[in-house]
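Asker: Which chain is which? The protein sequence lines are P and V, in order. Note that my numbering numbers the first sequence so that position 62 is 62, with each residue one more than the last. Note that my numbering numbers the second sequence so that position 300 is 300, with each residue one more than the last.
Where hints are given, some of them may not hold.
As the list makes no split between identical chains, a pair holds if one copy fits it or if it spans any two.
Claimed, not checked - Straight-line Cα separation of at most 25 angstroms, DMTMM-like style, residue types lysine to aspartate or glutamate; simulated pairs:
#: 1; residue 1: 203; residue 2: 88
#: 2; residue 1: 93; residue 2: 166
#: 3; residue 1: 77; residue 2: 180
#: 4; residue 1: 203; residue 2: 292
#: 5; residue 1: 197; residue 2: 23
#: 6; residue 1: 197; residue 2: 225
#: 7; residue 1: 203; residue 2: 180
#: 8; residue 1: 77; residue 2: 98
#: 9; residue 1: 203; residue 2: 214
#: 10; residue 1: 154; residue 2: 127
#: 11; residue 1: 197; residue 2: 134
#: 12; residue 1: 190; residue 2: 272
#: 13; residue 1: 77; residue 2: 23
#: 14; residue 1: 176; residue 2: 205
#: 15; residue 1: 93; residue 2: 292
#: 16; residue 1: 190; residue 2: 87
#: 17; residue 1: 197; residue 2: 172
#: 18; residue 1: 176; residue 2: 41
#: 19; residue 1: 190; residue 2: 225
#: 20; residue 1: 154; residue 2: 303
#: 21; residue 1: 176; residue 2: 285
#: 22; residue 1: 197; residue 2: 160
#: 23; residue 1: 163; residue 2: 127
#: 24; residue 1: 93; residue 2: 127
#: 25; residue 1: 203; residue 2: 173
#: 26; residue 1: 190; residue 2: 125
#: 27; residue 1: 154; residue 2: 50
#: 28; residue 1: 77; residue 2: 125
In case anyone wonders, no lab produced these hints; they're calculated from the structure.
2 protein chains.
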Amino acid sequence: MSIVVVGSVALDTIYTPRGSARDTLGGSAAYFALAARHFTDVHVVAVVGEDFPAEHRALMAQARVHLGGLATVPGGKTFRWAGEYSDDLGQRKSLSTELNVFETFQPELTPEQRRATTVFLANIDPDLQHHVLDQVERPRLVVVDTMNYWITSKRDRLLELMKRVDIVLLNDEEVKLLADDWSLPRAARKLHALGVKRLVIKKSEHGAAMFHGEDRFFTPAFSLDNPLDPTGAGDTFAGGFLGYLDAVGATHPMQFRRAMVVGTALASIAVEGFSPRRLTEAGRDEIAARVDAVLSTMHCPPEPLWPA
Amino acid sequence: MSIVVVGSVALDTIYTPRGSARDTLGGSAAYFALAARHFTDVHVVAVVGEDFPAEHRALMAQARVHLGGLATVPGGKTFRWAGEYSDDLGQRKSLSTELNVFETFQPELTPEQRRATTVFLANIDPDLQHHVLDQVERPRLVVVDTMNYWITSKRDRLLELMKRVDIVLLNDEEVKLLADDWSLPRAARKLHALGVKRLVIKKSEHGAAMFHGEDRFFTPAFSLDNPLDPTGAGDTFAGGFLGYLDAVGATHPMQFRRAMVVGTALASIAVEGFSPRRLTEAGRDEIAARVDAVLSTMHCPPEPLWPA
Numbered sequence: 001m002s003i004v005v006v007g008s009v010a011l012d013t014i015y016t017p018r019g020s021a022r023d024t025l026g027g028s029a030a031y032f033a034l035a036a037r038h039f040t041d042v043h044v045v046a047v048v049g050e051d052f053p054a055e056h057r058a059l060m061a062q063a064r065v066h067l068g069g070l071a072t073v074p075g076g077k078t079f080r081w082a083g084e085y086s087d088d089l090g091q092r093k094s095l096s097t098e099l100n101v102f103e104t105f106q107p108e109l110t111p112e113q114r115r116a117t118t119v120f121l122a123n124i125d126p127d128l129q130h131h132v133l134d135q136v137e138r139p140r141l142v143v144v145d146t147m148n149y150w151i152t153s154k155r156d157r158l159l160e161l162m163k164r165v166d167i168v169l170l171n172d173e174e175v176k177l178l179a180d181d182w183s184l185p186r187a188a189r190k191l192h193a194l195g196v197k198r199l200v201i202k203k204s205e206h207g208a209a210m211f212h213g214e215d216r217f218f219t220p221a222f223s224l225d226n227p228l229d230p231t232g233a234g235d236t237f238a239g240g241f242l243g244y245l246d247a248v249g250a251t252h253p254m255q256f257r258r259a260m261v262v263g264t265a266l267a268s269i270a271v272e273g274f275s276p277r278r279l280t281e282a283g284r285d286e287i288a289a290r291v292d293a294v295l296s297t298m299h300c301p302p303e304p305l306w307p308a
Numbered sequence: 001m002s003i004v005v006v007g008s009v010a011l012d013t014i015y016t017p018r019g020s021a022r023d024t025l026g027g028s029a030a031y032f033a034l035a036a037r038h039f040t041d042v043h044v045v046a047v048v049g050e051d052f053p054a055e056h057r058a059l060m061a062q063a064r065v066h067l068g069g070l071a072t073v074p075g076g077k078t079f080r081w082a083g084e085y086s087d088d089l090g091q092r093k094s095l096s097t098e099l100n101v102f103e104t105f106q107p108e109l110t111p112e113q114r115r116a117t118t119v120f121l122a123n124i125d126p127d128l129q130h131h132v133l134d135q136v137e138r139p140r141l142v143v144v145d146t147m148n149y150w151i152t153s154k155r156d157r158l159l160e161l162m163k164r165v166d167i168v169l170l171n172d173e174e175v176k177l178l179a180d181d182w183s184l185p186r187a188a189r190k191l192h193a194l195g196v197k198r199l200v201i202k203k204s205e206h207g208a209a210m211f212h213g214e215d216r217f218f219t220p221a222f223s224l225d226n227p228l229d230p231t232g233a234g235d236t237f238a239g240g241f242l243g244y245l246d247a248v249g250a251t252h253p254m255q256f257r258r259a260m261v262v263g264t265a266l267a268s269i270a271v272e273g274f275s276p277r278r279l280t281e282a283g284r285d286e287i288a289a290r291v292d293a294v295l296s297t298m299h300c301p302p303e304p305l306w307p308a
């Protein structure tokens, strides 16, 4: 069992009300991989420049993330993003985005990567996501993420892609934009009609929702008293979700539900620190305890409402 | 077992994107009572004017709501509210508020009402809420609701009241305002320190949360494809929550959790129609089915994350 993730590896500069971090490890593929690797083998397909720090590479390598697909462009500069969060961490403002080597990224998979059992297409150009799908062999599970920009600019290409995959992972704003409907259950129904098989919706502090036909599941967020940096929480959720599913086989409906809780737990750990650092520190005991903590907040055994 | 609810009975005029209703039955006590009466005896303490339609009174009486405490002020006019909802029902604008007889409301309880096992102090002036508490004998459970206006204008009086009751019921905005903190778990901790024993937070389409020391519980909302009128959803939630708790005794922690699900289910039924009409139509089978539907969206049995 193994996952191939195609996305970004970046250098993030982040300002929050409780501190800041400069040129820290970031990018969808980095957060995803460092979460998923707790459960399965993860191969990163991404690109960096010659300026990418050896320590960031070492952090991922030491976490047993496979970096054979992390290409370095000679003379190139790594994708850089800088952003600032509002006091309540609920809003963020991009201060600068330098795509650099990411602008001409052309993901090419090795034979081993093509045989991965799970494929995560993180948020990149839908044309590149199609190109990756054309290369993989017989994955058991293919999942796609995207963003408002592609929903607006490449909607048809994106809808084509969504028919080719098993799970579409979006945040609530993206779902409403894509379906042009403010009601999530109605939006989910519309997307099902357009060929989306299973829809997983990230709702940040309000948790996550899964729609699969009439089967619906909701996980609350694990709310922290003092979250530090929400960057990468969505990709960390995806990493926990798919890492667990790849390991257990993704065969039973209850596994998909438990995977949502695993993703929620890992995302709550990630936001306790800047960059994906906390994901490299946390061990199985801590992760299992956090999963239990999330489950305990949603535990409610059925019982008759009225005496018989 | 019985509940006394002290609050408003009103005539609502409501405009939504899918229709409107004129001078329909409204008010916190009406919604609360018509939800709670599915589980226990409910006594309404409220006031109306001579213009209050006999059909609204009959609707509540036929639902076996005790109306001995619904005073009619000779020559007076009933509290009237008119409001308009946004396209997504997420925002509402008050078009007019005429307090009328509600402005001089002085709740006085009969001996039978004073012996109620559960007391719900719906959103009224905290001084009146204190006045009701001074009258009741030995209720098992006292719950208070309020609104931004009182939090701002009578904060100290409200905090005194909150120390006297078992459960404080607020929406998320009210919690943040009262605790002056955007983080719900941190706000809950602050309110605990101020003497709040159990905090139940209504989050509309995002469900509801319960904080009781370190014990936390979250219920998702039961999202409808086509909600009609969200008016009274919070009071309906309170009615289901307390009606169930009054009936089962409110002794075991799991009963409080199940009560949250019952409140959620009844609120989702109420918003399917204008006024509390759907609450008078729904029978035990429909309510039980809705409770099961909510529980099914949060069901996730624990299992080891990794093979032993």
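Asker: All the hints need checking, so say for each whether the structure fits it.
Answerer: Here is how each hint holds up against the structure:
Within a single copy, residue 203 and residue 88 get their C-alpha atoms as close as 16 angstroms, and across copies as close as 17 angstroms, so both meet the 25 angstroms cut-off. Taking the shortest alpha-carbon separations for residue 93 and residue 166, neither the intra-copy value of 32 angstroms nor the inter-copy value of 42 angstroms comes in at or below 25 angstroms. With identical chains, the CA atoms of residue 77 and residue 180 are never at most 25 angstroms apart, being 38 angstroms at best within one copy and 44 angstroms at best between copies. With identical chains, the CA atoms of residue 203 and residue 292 are at most 25 angstroms apart both within one copy (20 angstroms) and between copies (24 angstroms).
Within a single copy, residue 197 and residue 23 get their C-alpha atoms no closer than 38 angstroms, and across copies no closer than 45 angstroms, so neither meets the 25 angstroms cut-off. With identical chains, the CA atoms of residue 197 and residue 225 are at most 25 angstroms apart between copies only, with a shortest distance of 19 angstroms across copies and 36 angstroms within one. In this assembly of identical chains, the alpha carbons of residue 203 and residue 180 lie at most 25 angstroms apart whether taken from the same copy (17 angstroms) or from different copies (23 angstroms). Taking CA atoms no more than 25 angstroms apart as the test, residue 77 paired with residue 98 passes inside one copy only; the shortest distance there is 9 angstroms, against 65 angstroms between copies.
With identical chains, the CA atoms of residue 203 and residue 214 are at most 25 angstroms apart both within one copy (20 angstroms) and between copies (24 angstroms). For the homomeric pair residue 154 and residue 127, the shortest alpha-carbon distance inside one copy (9 angstroms) is at most 25 angstroms, but the shortest distance between copies (59 angstroms) is not. Taking the shortest Cα distances, residue 197 and residue 134 sit within 25 angstroms of each other inside one copy (19 angstroms), while across copies they are farther apart (58 angstroms). Taking the shortest alpha-carbon separations for residue 190 and residue 272, only the inter-copy value of 21 angstroms comes in at or below 25 angstroms, while the best intra-copy value is 36 angstroms.
With identical chains, the CA atoms of residue 77 and residue 23 are at most 25 angstroms apart within one copy only, with a shortest distance of 12 angstroms there and 67 angstroms across copies. With identical chains, the CA atoms of residue 176 and residue 205 are at most 25 angstroms apart both within one copy (18 angstroms) and between copies (14 angstroms). In this homomeric assembly, residue 93 and residue 292 never come within 25 angstroms of each other (Cα to Cα): the closest approach is 34 angstroms inside a single copy and 42 angstroms across copies. Proximity of residue 190 to residue 87 under the C-alpha cut-off of 25 angstroms is restricted to the inter-copy arrangement: shortest distance 18 angstroms between copies versus 36 angstroms within a copy.
Taking the shortest Cα distances, residue 197 and residue 172 sit within 25 angstroms of each other inside one copy (17 angstroms), while across copies they are farther apart (34 angstroms). Taking the closest pair of Cα atoms, residue 176 and residue 41 never come within 25 angstroms of each other, the shortest separation being 34 angstroms inside a single copy and 43 angstroms across copies. Taking the closest pair of Cα atoms, residue 190 and residue 225 come within 25 angstroms of each other only across two copies (11 angstroms); inside a single copy the shortest separation is 37 angstroms, beyond that limit. In this assembly of identical chains, the alpha carbons of residue 154 and residue 303 never lie at most 25 angstroms apart, being 49 angstroms within a copy and 41 angstroms across copies at closest.
When the C-alpha separation of residue 176 and residue 285 is checked against a cutoff of 25 angstroms, the pair qualifies neither within a copy, at 37 angstroms, nor between copies, at 33 angstroms. Proximity of residue 197 and residue 160 under a CA criterion of 25 angstroms is satisfied intra-copy only: 13 angstroms inside one chain copy versus 53 angstroms between copies. For the identical chains of this complex, residue 163 and residue 127 are intra-copy neighbours only, at 14 angstroms inside a copy versus 60 angstroms across copies, given an alpha-carbon limit of 25 angstroms. In this assembly of identical chains, residue 93 and residue 127 lie within 25 angstroms of each other by CA distance neither inside one copy nor across copies; the values are 27 angstroms within and 44 angstroms between.
Taking identical chains as interchangeable, the C-alpha atoms of residue 203 and residue 173 lie at most 25 angstroms apart whether they share a chain (9 angstroms) or sit on different chains (18 angstroms). For the identical chains of this complex, residue 190 and residue 125 are intra-copy neighbours only, at 23 angstroms inside a copy versus 46 angstroms across copies, given an alpha-carbon limit of 25 angstroms. Proximity of residue 154 and residue 50 under a CA criterion of 25 angstroms is satisfied in neither setting, with 31 angstroms inside one chain copy and 62 angstroms between copies. Only within a single protomer do residue 77 and residue 125 lie at most 25 angstroms apart by alpha-carbon distance; the minimum there is 20 angstroms, versus 63 angstroms between protomers.
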